[in-house]
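Take the two lone chains and join them into the complex the hints point to.
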Amino acid sequence: MPGKLKAKIVAGRHLPVMDRASDLTDAFVEVKFGNTTFKTDVYPKSLNPQWNSEWFKFEVDDEDLQDEPLQITVLDHDTYSANDAIGKVYIDIDPLLSSEAATVISGWFPIYDTIHGIRGEINVLVKVDLFNDLNRFRQSSCGVKFFCTTSIPRCYRAVMVHGFVEELVVNEDPEYQWIDRIRTPRASNEARQRLISLMSGELQRKIGLKVLEMGGNAVVGYLQCFDLEGESGLVVRAIGTACTLDKISNTYAPASAINPCNSSPSKDTKDSPQAVPSALGCRSTHSSPVHSASSRLSQGFSVSVPTLLFAGMKHRHRSSEGPRARQCRAGFGEEAPGVPLSSGPPTPLRAQTFSSFSPSKSYSRQSSSSDTELSLTPKTGMGSGGSAGKEAGPLKALLRQQTQSALEQREFPFFTLTSFPAGFLLHVGGVVSARSVKLLDRIHNPALGNTRSYKLLDWNSFTADEPETRDAWWEEIRQEIKSHAKALGCHAVVGYSESTSICEEVCILSASGTAAVLSSRFMQDGALDMDHRLSRQQAPVFTSGTEKGEGDMGSSASLGFEDLAPPGCGFCHIPYDELNMPFPAQLTYCHCCRRFKVPDVLFTTIDLPTEANVTGKGCLIQARLCRTKKKAQGEGNATAISNLLPFLEYELHTQLMNKLKLRSMNALFGLRIQISIGENMLLGLASATGVYLTPLPSPGGIQIAGKTPSDITYEQHISNMQKKINDTIAKNKELYEVNPPKLFTLDPEAFRCINTELVEEVIGSPIPEPRQRSRLFRSHSESSDEVSELDLSHGKKDAFVLEIDDTDAVEDIHSLLTDAPTPPGFYSCNTEIMPGIYNWTSALQMFTSVRVFRLSNVNLTNQGLNKVFNDLCENLLKSLYFKLRSMVPCCLCHLNFTVAVPEDELIQVAVTAVAMSFDKEQTLENGRQSCDKTLMKAITENEEQLQFPLELTAESSSNPLSSAKGLSEVSGALPSARAPSVDYSSFTDRCSSWIEQLRLKAHTIRRGSIKTMSSLEKASPLPEGRSRSLRSNRSYAGGSVAVVKMTPLSFIPGTKIIKYLGIINMFFIRETTSLREEGGVSGFLHSFIAEVFAMVRAHVAALGGNAVVSYSMKECVFMENPNKNQAQCLINVSGDAVIFVRESELEATPPQPQSASTQTSSSGEGT
Amino acid sequence: MTMELDVFVGNTTIIDEEVYQLWLDGFSVADAVKMRLENGALGECEVSGEVLHSDTMDQYRTFQMCERLLHCPSKLANQLLFQIPAHHQAMLIERYYEFDHMFAREVLGKKLSKGTKKDLDDISSKTGIALKSCRRQFDNFKRVFKVVEELKGPLAENVQHHFLLSDLLAKDYAAVVFFANSRFETGKKKLQYLSFQDFAFCACQLISYWTVGAVDNMMDDMDVDLEKEFLHDLKDLKVLVNDKDMLDQHKSLVCSQLRGRIRVFTEMEANFKNLSRALINIASKLTNTKDVRDLFIDLVEKFIEPCRSDKWTAGDLTLFLTHYTSTASTLETYRYQVIWERYMGVVKSCILKMYHD
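Which chain is which? The protein sequence lines are A and B, in order.
Residue numbers for the first sequence, in my numbering: 1 to 1167.
Residue numbers for the second sequence, in my numbering: 1 to 357.
Bear in mind the hints are in silico, worked out from the structure with no lab data behind them.
Because the structure is a prediction, the values reported are computed rather than measured.
Treat the hints with care, since some could be wrong.
Claimed, not checked - Now the in silico label distances, taken between C-beta atoms and shown as ranges: (1) T103/A <-> N78/B: 20 to 30 Å; (2) N48/A <-> S166/B: 25 to 35 Å; (3) D31/B <-> R1076/A: 18 to 28 Å; (4) S166/B <-> E1145/A: 27 to 37 Å; (5) A82/A <-> Q197/B: 49 to 59 Å; (6) A30/B <-> T103/A: 51 to 61 Å; (7) K126/B <-> E1145/A: 51 to 61 Å; (8) E98/B <-> N48/A: 22 to 32 Å; (9) G864/A <-> N78/B: 48 to 58 Å; (10) R1076/A <-> Q197/B: 34 to 44 Å; (11) G864/A <-> K114/B: 53 to 63 Å; (12) E98/B <-> N52/A: 38 to 48 Å.
To be verified - Examples of chain A residues toward chain B, derived with CB under 7 Å: (13) V850; (14) R851; (15) K878; (16) S879; (17) H1086.
Here a beta-carbon is modelled for each residue, glycine too, at the ideal position from N, C-alpha and C.
Bound conformation, chain B alone (with noise of 0.2 Å):
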């Protein structure tokens, strides 16, 4: 004696929130059920695990069949096959792109392709994210990079137009996309300790900064990708530490300007061309790809761990970076104050954020 069939459709589709996260978590029916008589979040109403699974299941379908609207979001306001109210549609979108950080920062700057796809049980079972949920976050990611990959305009704005999301959720995505189109190292050992939002917000950083859309706001630009001219330029501030006159000098005016503001001022001052030179090499090699990729890792290994290891503060690198920029712009024979501010701008941010345990 078996329940054949068992449908509930209303003319408003009912929506459990509660329901919805444990089907975007991954549960199968079964455990949702259980979780559910758990939680005892029911409230007063006694219901026996009969009712609650056909509960469940009338909800799993309701999203199954949502699905495929929710893949493209903006299909779900003027689709009629549901008549969903317009919060419930907006939460089931912000549900259902949501992801976890922990999933993200696995798949940042890799190559949204296949071959990452294979990996996910691998991610799953790292994180001990459900693989359902997994891939769910993956195709996401995809789908999205898709749309905006050859997108004119703001990263961010094309994000949330074409995905009806939240401004913070937009922002989350188009570190994602930048992540995965210019394929940044994140994965070695010594990044390891970096979070999804570092990496979140060094993006929106270079996405701001960087990026052609950075200093002509013209709807015709590109927001992935770096502008070359920029990276072009950037070799120009060798000279920063090529000529000795202008290092010895550079040094000098920080020096002056930190003595007895920072507590590791010895060692600043010793260690000053060392990462001077760190930082004016990588912004020169930046127009090579693979540079580009090694970004964070050659921040970290030639900015970050010898700061570290000299046991910086937070603060003390604060001061440092700001007069290290400022004082630069003073220098009488340097010529290159805006790529240098730019730069600066930049990766004084980044390196301050990326700056901890």
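Okay, chain A solo, but in the shape it has when bound (with noise of 0.2 Å):
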């Protein structure tokens, strides 16, 4: 009897009349939890009741406290007819099982109805008396702390990051359950909120254990999601990362920072012996045959990447991407564009021409089976690749045997955080993702049948089958992704997550993340806390400044890492070794400096560094694509999915790249790629934030070339849109000030001159021969010519050349024009933060806007389609400007789309983002860049010294044994205190000695020049912190209801966290049946968002907070029948309740001496 839960119900306001002869209401409140309720006395004809009850106690486990929601029901008392329900209210008890979140939950809650929406309000009183239990086989995982924030959250450090956990739950949807034929909807609703409310405690409890098992006690970057599998069930699934976090104290001591690195692996061998292994992100070391099993599968798989990337994608259903479009044209350029679909055979050949090493037969898994395959190979029940039926039997026993180890889920060195900690990223590969087609089994298959109708009888006890079968999937999928970025040279995958699109029976799982090399630093070191990097400016000399602080405060330990390159530009360096790049690309010399290799474009999936350094500002860059499909069932469709997906992904791709080169920048952040499937449509939205980083080349111009040169009006034309194309290029440079800077180049001058020099060249005779250029995006040469492409390209600044014989590439100019600019004012990008900008204000507008376009012409083309779509969201952007216009100069942050085909012809569009505004006055900034630049000069001095051969560093092994040899070693180290230098060594098995002695050298040298920079830098940020302070004290404050501000973000500029309350994780149902009365479609779902809000801040305000950080709409089905005059909507939505103060107001209250740090710099706590 580990808890006592106390509710009260203290009163009732605006409630809605539910007696009409009295125009008054006789109300009473049941409060369950569990099975156990009580009910208050009816207040009699009041429409605000003050029931003022006695506590309500329930004693309960603590598994229940964390599974089961406190629900409250408002009835309306009737003494001849049935109780009238007013409404309900769910409280999630999970804030008040920590200790360091919220001890009380009190305040006035919407009271809510999925068929009325909100109806009143009443205010509850809930308090959990938690007895300590110390049971060892306890199913609980109280105190764990969840956090939505994809960083470090701000009030925190992390000693230890221990890596990937995930867990599923599955069950039958209620909605599709035989008693939803008699039971009203208000019910049918009520149960499935119910169940996920249930579900989700449920699956947080367990990710809880596997946290606490691993020797952590939170999980950032958590995210969950659920899929509506229809009849087939309902699966909620989440991801985080498990950490050790501590919370920073004012009376925080150096010493702390050094402290973990001894006390933890004791722990973590006393607890949990596996903790250590898994802590490292990495391979394990224990050789259990389950773990040779899947070593080997996924070591077969990582030597044929380069190729497998795109080939494999088309054959098992599955695609996948390298980082860069590159890798798309050297994959299957050949093909792409006029070939039909049919035409797959070509690939595997071509692929094994350049697959030297491993022969495909190697992984027989993945490639035996084609589609036609598949298509003959029935109840497969996968439509992943024909190749389920062959390795349906050895997979599932082998994972059977993985779920039995514990450590198997740990196996994924995954990380879902986007930000983090200054020296934890050493290198970043690229992008890599994988996508697979599953088929969802039908109710009625019979193996599956009685399971179900056992289930039907209660929900709770799921059968092990579900769950394993979606485990199955992903871990195949993770497998993947595991290998992609082995292939990439890297051992871990940064910014990951996981997302389903579905459509009837037909599912696509989709994984992506960034493959990286990461410092050791993170598994034992202490000193990882997160600044306030973002509500500042994140320079890097602001960042530097953080490292000089400690070393200032002697914890020499947290300098003991080193990344062997200076932070600004050490994350661009290729991690793979440039003998044997995993895939063609053209790499020159880092223009920071120029002593390693970097790519010439980056694509990654999370956030811009904070020590990154980039020239100008970003903008947000946007991929649309729209395919028809043939209405198909089954396994049919499947199959016509999977053979659309790679087409659908080299256009993205395209289309990324090209407008990347567009706006003259050279690489992404935040990338996300959206596929979407309906029943005749497939829509693929990618989007990321483009910006100029410093230390890749500049990229070059785009090229028009036509095909066939006689006609001279096809040449004016063919000229014309060059010259478009040019002006906008030079547009966009002075609109996001991209000019390479002179110091970091050798010859920007002579650099300049050959880029206009081929622009010129390229007007002058609008038709270039082909085959010079060197880059074909849609070349027709051989694929023998690869290798001479390279060479010729290699080195050289050239310009992209789109030939323009075939529609798509007219399609693609098209698009790439048609994009409007940002207005005037205006930035946006899908990251959190903006590169280039720094004095936000406080003003803060986080909103969703939903659209739903209905494709009234059936027989749309492809190119129709594509515009539809390419509109539906230029307009939508346009509207938000026009609709924030009030806020300028400011930029929208975080811009999250999300597309659905919710029926056939109907295309639904959502966005979540906020939009901040900033000071204009950009003195600011240029005092920075002339800091920055100074940095970047001291920087590049002191690599000189840094210099020693790259692979060494950044060949990662492709053995599974190797790693586990580095890890054995890493163990063996851990007790010392210099350990972090020594980690890295585990992911290079080459590294000798010598290199940390040369590292650990180089990075005292590196700490004095950044002492002197960042005394350069202090000059600066105060002025800020001044007017941004000022800017506070207008804005309105107070009210009867309490503000509370919402943000996609992790932080709010201006402010200081200084709480996290817990994770709000809520799922709401709303349905009508008089859809035309409540103002039609739009009216129906505008008041549901706005009640979804309303609910989200009346949750953060009960716990006592005053803001949600890293909120984000999770999901928004809407589905509508118009002719019966019924909507209904599914919305679930997440965040980390916080409470925050003004810098200003930490200033007023002097003695704390990590809030004053935070004014001065970004510094900050930690030190």
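See below:
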């Protein structure tokens, strides 16, 4: 009996009139937890009842506390007939279970009814008395903190980052149960809401258990999603990054920075020995058969990835892409344009010519089958390649074994984080992604029939079978991601996320992340606290300022780590072997340090690292694509989809690449590719924030080449287009202030000359011979040209060539040019922050916008569809700019687009983002830039001492054994305080000790230089802080309802988060049978979204918070039936409830050392 | 190909004051979009009609959803559905309750009933105010009336307290409520020249001096009704015209004061008895509800019109009324000074306000 839950119903207000005769209501309340129910007295004839009830006490297991929500039902007493329900409030008790979160829930909650929406409010008080229970076999995981934030939360330090945790639970969807036919829509909706609440509680508890097992105390970057699979059930799944977090207290001593590295390993070994290897986020040392099996799989995989990346996609119904569009071209650029889908067969052949090392046979489960096989193998139950049939047996067995082992989960060195403590992220390889098309098993599958009927009786008892299938699916995908990362020479995947798209019984599972090499420091070193980098200048200087601060405090351990490159450009350096590149790429020397090779473009799914050297500003770049598909059923449908997928992805990449070039940028951050399936079309939407990374070479222009040079009007047409493109590029350069800084390039002038020359040349002779151009997007050259092409392009600044002999290219160019520029005063990005903007004010507006477009014309061509979709997104953006015009100058941050095809001819686009205004004065920035430059210079100097062969550090072991070996080394090295740098060796088996020494030496040198930098910088942040605080004073505060800010970002500018109160994870269903009366679909959804916001705010306020950070709308499923005057919508939102204080207020309360330091610089706590 | 659904919801509710006004004025979405396009007040950002339409729709929906709350403005502050900054809340309420004086003039003194509501389309076509807007204003009157009708205490303050309106607006509402309650006749042709502001001023005077609340400021006072006792006492003033001596004495006193000071002295002298009788008669009849209703028409017919036909200036009238009031108090045999001044004070300022073309 480890917990006592107490609830008190205080009062109600604004209740609806339930008795027409008296225009009043006789309200009473039922309070239910688990199977216990209490009732208040009836408060007669009032719309503002004062119940002031006693404390209702529930004595419950903490397991239940985690799973169950407190359910409060407000009813109208009726003497003669059944009592009418007014509405309900579900309160998640979880925040009360952690000692560091909220202590009491108290406040007004909207009373929500799934049919009528919000109907009045109720004031409730909830407390929990937890008894300490040290039962080792407990099933609960009370006290594990959950954060949606994908970085280390602001008032915590990461002592350890343990790694990936995932879990999923499956259940029957109440909407599809037989009982649904006889019960009211309200009952059905409530059953669903309650079930999902239960399931996510359970999911969280299970994940918490895994975290405890790993020795962690928190989950960061917690991402929970649910898949409505219709008849085949309801899946709630979650991924996250297990961490050990330390709350930063005011009395924070530098000693504690060192402390954890000694204490945690010992703790781990005591608690759960398995935790140690898993903590490393890499392969474990345990040589169980399971592991050798899985490693064999991935091993076979990784070798052939470069070519497999795209070839595989087609044949395994699982698409995956390398980091860059170049790769696409290399992979199957040849047949992409005109060739019909059926011409798959050439690809494997071609693939094999590339894959010099592994014949495709070596990996039994992926490559063997072709599409035709798939359609011939009946009842595989999975759309994922015909391989299903062959692999199903062994794989399942394998998986079962794996699930038995608790270790299995931690096989994945994945991190859901998107931004990292300084020095954590060493190199970024590129985007890795995998997709898989699956066929959801039907309900009348005889094998599953029994379990299902059993489950009907009891939702809570899940049979192991179902989750296992889903687990296996995800397992596959994760393995693939892992192997892709390996192929890129990376041992970890950061910014990792998973998603699904379901249409009828076909389901696409997608996973993507960024392959990266991480500093091993995070495994034991304590100094990983995240600074307030985002709320202020995230200039590299500032981060280094932090380091300097640490150094000053004498916590040498925190400096023991060394990244081999300066922070500003280090992450761009290629992690893979230059001589043995996973895909053809154009490498140049880093424009910052000139020591290491960098790729010509870099795509990532993470946020822009704080220390990154960026020139100019960034902007949102979207690739949008729509493809028609024939209606089909079952496996035929799955096949059709998987045939289309690679083309879709290829096109998306092409578009992204072109748009990136058009903006003169060379890197994408926060890349998110969403593919949505409908009955008769596939939608692809790729969003990312483009930036100009200073270390990377300047992108060349875009050239247009015509195929048929004879026609004069045609030539003119082409030259016109070319001119337009050149103009746009020039305009964009100005708009985003992208001018490669002279300091960093050897020959900036010459460089520019080359560029312009090229452009002029093209204008002059509009038809350059395609053969001479190094890179042909849609070239019809032979694959054998590949090598020579590479040579040609190497080291040259070259323009992209777009051939417009086919309609596709015309369409491409069209879409390139139709992207309207953002109106003056606006910037947009889909990452947390916008490079180049630092002086945020506290003005903040989070919003959600949803549009549904009906395609009335059924026979649309691909182009037509594309245009519609493109316009839809563009217009939506335009609308947003217009609506937020009062906030100018402002930036739309974290623009998160979600597309769906809810019905045959409907396209739904939902956007959630935050508009933040900033001060126009750019004087600060100028100062920063100059500092930047000096810093860079200093760094460049230091880098000279740092030089050593790249492949030594960058070459990752593709052999699990070696990493295991490295691991044992690490565990041996753990006790030593100097471990961090040693740890790196776990990923580079050839690393020898002299490198370490070199690194250490280099670091000390660099530290010296940083010192001077930060002193330079000190002048600038102060005035900014002041101007911001002025603003915040002006902003509105007060009113009888506490203002709750909401933002999808992990911070609120000008403020400091002082406490995390717990995770908000809410699921609502709203249904109406009087759609017209509620203002049609728009009116219905408008009020529903407003209601959801209101309920989130109310819950946060009741926890004592004043903001939600990392807010996101995970799901917005809208269904309508206008003929029946009905509509239904499901929304799932999540975020972190926090308390923030304005920095200006912090200033007023003097004796807080950290806050003071946050004021002056971003160095903040941790020193 | 149509936009099936298009919504934008901000955590802080975005309110465009211009669109709000268009909505209040009863424009349809299409008209509002047209107006916004024409106004070109959208500044430098060139926007298509499509964007404007979508924005206008969103705003209109927001207002529609807020409207329910605006009916009980105190709810707006502690509702949870919309997060609206305080200054915007105040603006929303104030603007929602603002009314066209043209419209108010039309319904002033009318019973705020369904019958009157049916006549709104006439008023709409007469005043050129959109029917929608008329309905809103009428409903506002009715709503305010219903709430404060039975409340004790100062009328304007009650309105302000319950509807969170500005001082000025609350006073106007007090006038509307007061007129509606006493059902003063304002519709007669002869009264047409009077504006809402004229009546509002008079209402304010009546509320301040003639109601129960006016004399003793206890909380259990009613501000809506005229004090019965006072009206009854007014009968005593008759002595001023019935007693011939007193009438003559009064006349001579006034004349001596005004001689040479007003242009219309002769007319005044000739007309004094008629004018005095008119004022006293009005006073003495006020016990009758019917005559209370006719207060303004009586003032116009019996007093203002004769003066006007004699071409009195406003200054003349002021002097006359001032001395007419003050000299009566000096009459030795006159015992009703308090009542007299309470009556004449209001009548004087009302007449002066109403004395224009």
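How the hints compare with the structure:
| no. | hint | result |
| --- | --- | --- |
| 1 | T103/A <-> N78/B: 20 to 30 Å | holds, 25 Å |
| 2 | N48/A <-> S166/B: 25 to 35 Å | holds, 27 Å |
| 3 | D31/B <-> R1076/A: 18 to 28 Å | holds, 22 Å |
| 4 | S166/B <-> E1145/A: 27 to 37 Å | holds, 32 Å |
| 5 | A82/A <-> Q197/B: 49 to 59 Å | holds, 57 Å |
| 6 | A30/B <-> T103/A: 51 to 61 Å | holds, 54 Å |
| 7 | K126/B <-> E1145/A: 51 to 61 Å | holds, 57 Å |
| 8 | E98/B <-> N48/A: 22 to 32 Å | holds, 29 Å |
| 9 | G864/A <-> N78/B: 48 to 58 Å | holds, 51 Å |
| 10 | R1076/A <-> Q197/B: 34 to 44 Å | holds, 43 Å |
| 11 | G864/A <-> K114/B: 53 to 63 Å | holds, 55 Å |
| 12 | E98/B <-> N52/A: 38 to 48 Å | holds, 40 Å |
| 13 | V850 | holds, 5 Å |
| 14 | R851 | holds, 5 Å |
| 15 | K878 | holds, 5 Å |
| 16 | S879 | holds, 5 Å |
| 17 | H1086 | holds, 4 Å |
Going through the hint list in order, the structure satisfies each hint without exception.
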